[in-house]
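Work the whole structure out from these sequences, hints included.
There are 4 protein chains.
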Amino acid sequence: MTNAQISLIQIDNYGPWTTTPEPRREVDLQTLQSRLYADISQLVGNREGYAFFARFDNLITVTNGLNRDAHKLIQESVGNRYPVTASISIGTGPSPVEALGTASEQLQDAGSAQDSERTEILSGTPVSEADRTEMDLQIAHFDVNDATSKYTDKLNEFDTFINIEQGYAELMQYMRRAHDSLSFFVGGDNVIAVCSGMRESDYRDTIKHVNETVDVELKVGVGRAATAQQAGMGAKHELERCRENGSVVEIGW
Amino acid sequence: MTNAQISLIQIDNYGPWTTTPEPRREVDLQTLQSRLYADISQLVGNREGYAFFARFDNLITVTNGLNRDAHKLIQESVGNRYPVTASISIGTGPSPVEALGTASEQLQDAGSAQDSERTEILSGTPVSEADRTEMDLQIAHFDVNDATSKYTDKLNEFDTFINIEQGYAELMQYMRRAHDSLSFFVGGDNVIAVCSGMRESDYRDTIKHVNETVDVELKVGVGRAATAQQAGMGAKHELERCRENGSVVEIGW
Amino acid sequence: MTNAQISLIQIDNYGPWTTTPEPRREVDLQTLQSRLYADISQLVGNREGYAFFARFDNLITVTNGLNRDAHKLIQESVGNRYPVTASISIGTGPSPVEALGTASEQLQDAGSAQDSERTEILSGTPVSEADRTEMDLQIAHFDVNDATSKYTDKLNEFDTFINIEQGYAELMQYMRRAHDSLSFFVGGDNVIAVCSGMRESDYRDTIKHVNETVDVELKVGVGRAATAQQAGMGAKHELERCRENGSVVEIGW
Amino acid sequence: MTNAQISLIQIDNYGPWTTTPEPRREVDLQTLQSRLYADISQLVGNREGYAFFARFDNLITVTNGLNRDAHKLIQESVGNRYPVTASISIGTGPSPVEALGTASEQLQDAGSAQDSERTEILSGTPVSEADRTEMDLQIAHFDVNDATSKYTDKLNEFDTFINIEQGYAELMQYMRRAHDSLSFFVGGDNVIAVCSGMRESDYRDTIKHVNETVDVELKVGVGRAATAQQAGMGAKHELERCRENGSVVEIGW
Chain A
3 MTNAQISLIQ
13 IDNYGPWTTT
23 PEPRREVDLQ
33 TLQSRLYADI
43 SQLVGNREGY
53 AFFARFDNLI
63 TVTNGLNRDA
73 HKLIQESVGN
83 RYPVTASISI
93 GTGPSPVEAL
103 GTASEQLQDA
113 GSAQDSERTE
123 ILSGTPVSEA
133 DRTEMDLQIA
143 HFDVNDATSK
153 YTDKLNEFDT
163 FINIEQGYAE
173 LMQYMRRAHD
183 SLSFFVGGDN
193 VIAVCSGMRE
203 SDYRDTIKHV
213 NETVDVELKV
223 GVGRAATAQQ
233 AGMGAKHELE
243 RCRENGSVVE
253 IGW
Chain B
3 MTNAQISLIQ
13 IDNYGPWTTT
23 PEPRREVDLQ
33 TLQSRLYADI
43 SQLVGNREGY
53 AFFARFDNLI
63 TVTNGLNRDA
73 HKLIQESVGN
83 RYPVTASISI
93 GTGPSPVEAL
103 GTASEQLQDA
113 GSAQDSERTE
123 ILSGTPVSEA
133 DRTEMDLQIA
143 HFDVNDATSK
153 YTDKLNEFDT
163 FINIEQGYAE
173 LMQYMRRAHD
183 SLSFFVGGDN
193 VIAVCSGMRE
203 SDYRDTIKHV
213 NETVDVELKV
223 GVGRAATAQQ
233 AGMGAKHELE
243 RCRENGSVVE
253 IGW
Chain C
3 MTNAQISLIQ
13 IDNYGPWTTT
23 PEPRREVDLQ
33 TLQSRLYADI
43 SQLVGNREGY
53 AFFARFDNLI
63 TVTNGLNRDA
73 HKLIQESVGN
83 RYPVTASISI
93 GTGPSPVEAL
103 GTASEQLQDA
113 GSAQDSERTE
123 ILSGTPVSEA
133 DRTEMDLQIA
143 HFDVNDATSK
153 YTDKLNEFDT
163 FINIEQGYAE
173 LMQYMRRAHD
183 SLSFFVGGDN
193 VIAVCSGMRE
203 SDYRDTIKHV
213 NETVDVELKV
223 GVGRAATAQQ
233 AGMGAKHELE
243 RCRENGSVVE
253 IGW
Chain D
3 MTNAQISLIQ
13 IDNYGPWTTT
23 PEPRREVDLQ
33 TLQSRLYADI
43 SQLVGNREGY
53 AFFARFDNLI
63 TVTNGLNRDA
73 HKLIQESVGN
83 RYPVTASISI
93 GTGPSPVEAL
103 GTASEQLQDA
113 GSAQDSERTE
123 ILSGTPVSEA
133 DRTEMDLQIA
143 HFDVNDATSK
153 YTDKLNEFDT
163 FINIEQGYAE
173 LMQYMRRAHD
183 SLSFFVGGDN
193 VIAVCSGMRE
203 SDYRDTIKHV
213 NETVDVELKV
223 GVGRAATAQQ
233 AGMGAKHELE
243 RCRENGSVVE
253 IGW
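Line order of the protein sequences matches chains A, B, C and D.
Positions in the first sequence are counted from 1; adding 2 to them yields the working numbering.
Positions in the second sequence are counted from 1; adding 2 to them yields the working numbering.
Positions in the third sequence are counted from 1; adding 2 to them yields the working numbering.
Positions in the fourth sequence are counted from 1; adding 2 to them yields the working numbering.
Just to be clear, a hint being listed does not mean it is correct.
[What the hints assert, rightly or not] Calculated lysine-lysine pairs in the BS3-like style (CA-CA distance at most 30 Å, straight line):
no., chain 1, residue 1, chain 2, residue 2
1, B, Lys156, A, Lys74
2, B, Lys74, A, Lys156
3, C, Lys74, A, Lys74
4, D, Lys221, D, Lys152
5, A, Lys152, A, Lys74
6, B, Lys210, B, Lys221
7, C, Lys74, D, Lys156
8, B, Lys152, B, Lys221
9, A, Lys152, A, Lys221
10, B, Lys74, D, Lys156
11, C, Lys156, D, Lys74
12, D, Lys210, D, Lys156
[Unchecked claim] Derived Cβ-Cβ restraints for the label pairs, each shown as a range:
no., chain 1, residue 1, chain 2, residue 2, range
13, D, Asp117, B, Asp71, 51 to 61 Å
14, B, Asp117, A, Gly248, 32 to 42 Å
15, D, Glu131, B, Asp71, 51 to 61 Å
16, D, Thr22, C, Asp148, 16 to 26 Å
17, A, Ala132, C, Ala132, 21 to 31 Å
Quick caveat, the hints were computed from the structure, so don't treat them as lab data.
For glycine and all other residues, C-beta sits at the position ideal for the given N, C-alpha and C.
Printed below as a string of structure tokens:
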């Protein structure tokens with residue numbers, strides 16, 4: 003079991019905004035979205051959290067250690083610097099999926115993502131300081147074996163992208179269905195997953211499944227800690243051990 | 003037939019850099035990558051091109067109208083403002099896939115993506131001004147029907163994400179295999195494709211295939227012009243017509 | 003008396019870098035400098051500090067409440083995302099000038115700003131938590147009376163700029179010499195000062211001096227708190243009171 | 003004589019926005035302002051123009067070579083990505099001061115900078131392509147002799163700042179009054195001036211005046227070209243020659 007705190011950050015009424023009064027230039031939308039993600043990444047990340055871009059208009063963030071005020075400040079900072087506003091919903095639970103489920107429901111209960119009246123919602127309750135432990139988060143960092151030599155240096159870059167993408171699509175589904183875990187592509191050939199209490203055999207099973215289904219070979223390092231930053235850095239170091247040892251799974255505890 | 007100019011922008015030796023001398027904080031990597039993408043989006047986009055983040059360390063850009071000097075300036079601007087450098091390879095061809103194939107090969111011929119000696123390559127030749135026409139690019143803008151009411155407002159956000167992602171994964175593969183076209187997720191429920199000379203029936207066929215395979219319903223607007231910005235803006239207006247008319251495919255010519 | 007903690011953030015060996023191997027494009031230098039400032043503003047600001055751009059390659063920041071680890075993270079974040087690195091020196095003292103004096107000396111003792119071997123210095127000791135009080139910082143927010151109607155809407159914009167700039171140049175000197183306080187232009191017609199223990203009569207004297215010397219009319223709101231953000235927000239509210247009451251000095255305690 | 007094209011970019015109704023409904027956090031204002039400047043620097047700069055932050059809410063830009071559409075795109079890009087909008091006024095004239103005078107008047111005629119109804123004005127006419135020459139702009143790049151050894155490595159950083167600032171304040175006034183030229187501090191110990199047709203003796207006279215008045219020693223390189231980027235890069239190279247030759251003024255033609 004883990005004790006995940008997942009905050010859903012949703013740009014308010016974003017779809018309609020992008021085409022009102024007429025479609026806005028794509029270059030500006032892409033710039034806005036990626037800058038907003040970079041800012042949230044910094045705002046969350048410098049408090050030891052992790053932010054994932056996901057669909058860009060709905061960012062999924064791991065916020066163990068951020069209290070309600072920290073969330074409020076993020077919301078205010080977005081409102082002060084962007085032409086759009088954001089709603090934030092904080093969910094907690096023994097697995098990341100349950101935590102995000104709670105966060106999603108709270109926001110849905112407040113109104114539609116495209117309701118122009120529903121703006122800057124801030125809902126949910128963080129894990130209390132008293133309930134936090136060094137085991138609250140389990141983070142896994144996957145990458146693709148020999149991606150550069152097998153794909154990047156050989157194939158049309160789009161075909162490389164397809165391979166990485168199919169690996170990710172299969173991994174994200176399997177991890178969610180079989181292990182209540184949330185996996186995010188983070189660039190290159192890397193995927194970071196916020197996991198429920200998975201054991202080494204669960205990771206081996208997952209890697210085998212992806213290999214058999216879409217022929218993409220993964221390896222993974224796993225860390226555990228009170229915050230995403232610490233658990234994630236642990237996972238990175240374990241992944242380095244995979245590289246050194248030629249192993250497929252390394253667990254940091 | 004089209005006359006696509008596709009430039010591959012590859013961060014030099016990025017993988018090793020992210021873990022040297024030891025793994026760098028994920029928040030900084032995510033910020034660097036998304037800011038770099040935002041900058042390239044502006045640099046390319048304000049010359050009427052389109053930039054897609056793809057894998058973030060390998061960006062695929064549509065650069066019809068950008069000459070070699072414009073590419074050189076992008077390369078210089080990255081080198082002046084980031085701790086990493088970028089190589090750029092320009093490919094052209096009757097289909098986007100062929101253009102990107104050429105671009106990829108030129109870079110691969112120059113050395114590995116993880117060769118620390120291979121930096122700031124600039125290769126390839128843009129389409130000459132004399133050969134450019136108003137028909138050089140065909141761009142399609144897809145979105146998912148009723149994504150907000152069917153997914154965002156109902157499901158756990160990760161399950162919404164899975165639905166959108168599976169739709170995209172199937173679309174990107176099919177468009178590439180069956181139609182030599184490059185499709186990119188651009189946030190929310192939107193996918194933009196740089197197409198070869200596809201006809202209305204090809205789009206209907208593609209949408210049907212995705213619907214039957216992964217049960218995601220798409221619609222699409224299509225534009226054609228000398229630059230990505232113009233073709234893409236045409237596609238957006240056609241997509242608006244789909245919304246107004248309840249149609250599935252609208253072609254802007 | 004106050005208990006200021008001032009951190010000097012100096013880009014390492016920046017001058018030589020801007021012209022090596024030959025002069026870099028000014029647009030990129032300006033972009034780098036202003037983005038670096040924006041990032042440091044966020045990194046410091048979201049921990050309740052204030053960052054001033056000053057000369058851009060030497061940023062002066064008010065960091066009461068930021069411990070050594072927070073400074074280290076800022077340094078690491080800059081190093082991970084920019085082509086340059088930064089040294090940071092933390093000074094404390096009963097007046098801002100003394101605090102900055104200490105910070106400056108520590109950095110100078112470590113080597114020249116243009117010594118290519120002196121990089122990523124982190125020196126100095128923050129105020130201990132036990133010694134912090136609600137009176138540690140006094141912040142004043144000045145603006146120019148009727149700047150829009152008297153200048154912006156009437157003069158050539160450069161002449162407006164000259165007026166504001168002369169007012170600032172006089173204010174910064176006088177506040178430093180007469181009151182050991184550090185004043186920074188922050189855009190528009192606004193100046194924010196980190197003050198030693200100044201009384202209402204000191205502010206009246208300062209405003210009178212600037213008016214008589216360069217004929218620029220100022221007003222000021224002043225706040226006091228444990229952090230720059232709280233003292234500064236207090237000052238802003240007091241300045242609003244000046245606007246409402248037509249007063250010249252408002253003190254928030 | 004020169005043929006300057008100066009565009010004034012003014013954030014619409016910015017002052018009131020910063021305090022409505024109540025004062026916004028300074029960290030967010032500073033971030034917004036410096037990011038907006040960085041973006042405009044890129045948008046103008048990558049078309050060979052120069053942008054100066056000036057008062058941050060009123061940016062002065064040198065736009066020879068940018069037509070009306072390029073200005074419109076800048077305006078649209080700001081509107082699409084910021085919570086504020088911008089008005090832009092293009093002025094031309096034989097000296098930079100006259101050009102900016104025209105630009106300022108056009109904007110003032112359209113309404114007050116704090117008129118909430120006056121938004122996104124775009125006025126003025128660029129220099130026609132037919133009238134452009136290789137002599138249209140003269141740009142001077144000043145720096146302070148031995149600033150690092152005389153100030154940065156010796157003084158309290160604020161006292162260094164005061165010295166640089168006093169030098170700049172005197173230079174900006176004298177250049178404007180005596181030579182119809184616009185000078186901008188650009189960080190470190192650097193000032194860039196957009197000049198009218200100044201001769202070598204004018205520069206010597208200016209440097210002497212500043213030295214005698216505020217005891218700051220300057221040197222300067224000067225370039226001339228059709229665009230700010232080219233003239234400015236010429237000036238930088240001339241300034242390098244000053245460093246090599248120990249000279250005070252170098253003129254690049």
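Here is how each hint holds up against the structure:
Between Lys156 of chain B and Lys74 of chain A, the direct Cα distance comes to roughly 25 Å. Compliance with the 30 Å bound is thereby established for this hinted pair. With a C-alpha separation of about 25 Å, the suggested pairing of Lys74 of chain B with Lys156 of chain A holds against the 30 Å cut-off. Distance restraint check for Lys74 of chain C and Lys74 of chain A: the Cα-Cα separation of roughly 25 Å lies within the 30 Å cut-off, and the hinted pair is therefore satisfied. Among the hinted pairs, Lys221 of chain D with Lys152 of chain D is consistent with the structure: their alpha-carbon atoms are about 15 Å apart, no more than 30 Å.
At roughly 45 Å between alpha-carbon atoms, Lys152 of chain A and Lys74 of chain A are farther apart than 30 Å, so this suggested pair is violated. Among the hinted pairs, Lys210 of chain B with Lys221 of chain B is consistent with the structure: their alpha-carbon atoms are about 10 Å apart, no more than 30 Å. Distance hint between Lys74 of chain C and Lys156 of chain D is fulfilled; the C-alpha atoms sit about 25 Å from each other, no more than 30 Å. For the hint linking Lys152 of chain B to Lys221 of chain B, the alpha-carbon distance of about 15 Å falls within 30 Å, and the restraint holds.
Our distance criterion of 30 Å between C-alpha atoms is met by Lys152 of chain A and Lys221 of chain A, whose separation comes to about 15 Å. Straight-line distance between C-alpha atoms of Lys74 of chain B and Lys156 of chain D comes to about 41 Å, which puts the hinted pair past the 30 Å bound. With a C-alpha separation of about 25 Å, the suggested pair Lys156 of chain C and Lys74 of chain D falls inside the 30 Å cut-off, and the hint holds. For the proposed pair Lys210 of chain D and Lys156 of chain D, the alpha carbon gap of about 24 Å is at most 30 Å, so the pair holds.
Distance hint for Asp117 of chain D and Asp71 of chain B: a CB-CB separation of about 42 Å, inconsistent with the stated range 51 to 61 Å. Separation of Asp117 of chain B from Gly248 of chain A is about 22 Å and departs from the stated range, judged on CB atoms against 32 to 42 Å. A hinted range of 51 to 61 Å is violated for the C-beta pair Glu131 of chain D and Asp71 of chain B, which are about 19 Å apart. Distance hint check: the CB atoms of Thr22 of chain D and Asp148 of chain C are about 18 Å apart, consistent with the given range 16 to 26 Å.
Taking the beta carbon of each, Ala132 of chain A and Ala132 of chain C are about 24 Å apart, inside 21 to 31 Å as hinted.
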